[in-house]
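Q: Spelled out from the first residue to the last, the chains are:
2 protein chains.
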Amino acid sequence: MSPKPPSTPLDPAVAELERLRASIDNIDAALIHMLAERFRCTQEVGKLKARAHLPPADPSRETRQIERLRQLARDAHLDPDFAEKFLAFVIREVIRHHEAIAADARRASEG
Amino acid sequence: MSPKPPSTPLDPAVAELERLRASIDNIDAALIHMLAERFRCTQEVGKLKARAHLPPADPSRETRQIERLRQLARDAHLDPDFAEKFLAFVIREVIRHHEAIAADARRASEG
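So the protein sequences, as listed, match chains A and B. Going by this note's numbering, the letters in the first sequence line up with residues 1 to 111, in that order. Going by this note's numbering, the letters in the second sequence line up with residues 1 to 111, in that order.
Just to be clear, a hint being listed does not mean it is correct.
Pairs count within a copy or across copies, as identical chains cannot be separated in the list.
Unchecked claim - List time: in silico SDA-like cross-link candidates among lysine to any residue, alpha-carbon distance up to 20 angstroms:
{"#": "1", "residue 1": "Lys85", "residue 2": "Ala108"}
{"#": "2", "residue 1": "Lys47", "residue 2": "Arg19"}
{"#": "3", "residue 1": "Lys49", "residue 2": "Leu72"}
{"#": "4", "residue 1": "Lys47", "residue 2": "Glu16"}
{"#": "5", "residue 1": "Lys49", "residue 2": "Ala15"}
{"#": "6", "residue 1": "Lys49", "residue 2": "Asp25"}
{"#": "7", "residue 1": "Lys85", "residue 2": "Ile95"}
{"#": "8", "residue 1": "Lys85", "residue 2": "Val14"}
Derived from the structure by calculation, the hints contain no laboratory data.
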């Protein structure tokens with residue numbers, strides 16, 4: 001009898017790996033959809049701030065966000081430094097979006 | 001009569017900003033908890049791979065994950081390049097965790 005190949009579905013380790021990967025894939029789909037919804041909100045914030053002549057940046061809001069996410073991370077046994085890096089990563093993308101909106105607005109007013 | 005300060009709760013723009021920020025804060029809490037759960041899964045994957053002597057990296061799995069997340073992003077009107085950068089950001093952290101687990105295991109076997 002030839003040895004069982006490691007990728008057979010009956011191998012318990014491979015079956016467990018497949019189970020964990022299915023959870024990771026579900027979580028990733030949830031993350032992508034939550035991120036899409038977050039950017040919908042920040043696009044609205046960008047348009048609102050431009051319309052109402054509110055300042056684009058709000059450092060005290062950002063400080064509160066960082067502290068809150070670090071605490072949520074600690075409560076969920078997630079590294080708070082990672083949570084802070086994650087927020088910074090997302091905010092960099094928000095700023096990129098807002099710059100694109102501003103550039104579009106400039107082009108529209110010049111065109 | 002003095003002019004109404006911009007931060008009064010009755011200003012419709014500020015009220016709308018507060019409404020959007022409350023949604024962003026809810027979404028951020030959901031993201032942090034989903035990320036915490038994702039890292040629980042990848043920690044299990046790391047331990048399982050070490051126990052079952054499965055290879056730590058799986059490039060074909062990663063290629064499939066990238067393509068799937070890019071498609072989910074397109075469906076959700078999120079920039080697929082951002083989704084790919086996001087996955088790379090998370091996977092860097094997973095690798096950092098796995099390296100820490102491996103270092104702990106080495107210390108335990110040497111100690």
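Q: For each hint, tell me whether it holds in the structure or not.
A: Taking the hints in turn, this is what the structure says about them:
1. Lys85 to Ala108: neither (35 angstroms within a copy, 30 angstroms between copies)
2. Lys47 to Arg19: Between copies, since 14 angstroms is at most 20 angstroms while 43 angstroms is not.
3. Lys49 to Leu72: neither (28 angstroms within a copy, 29 angstroms between copies)
4. Lys47 to Glu16: between (47 angstroms within a copy, 11 angstroms between copies)
5. Lys49 to Ala15: between (51 angstroms within a copy, 12 angstroms between copies)
6. Lys49 to Asp25: between (36 angstroms within a copy, 18 angstroms between copies)
7. Lys85 to Ile95: both (15 angstroms within a copy, 16 angstroms between copies)
8. Lys85 to Val14: Classified as neither; 33 angstroms inside a copy, 28 angstroms across copies.
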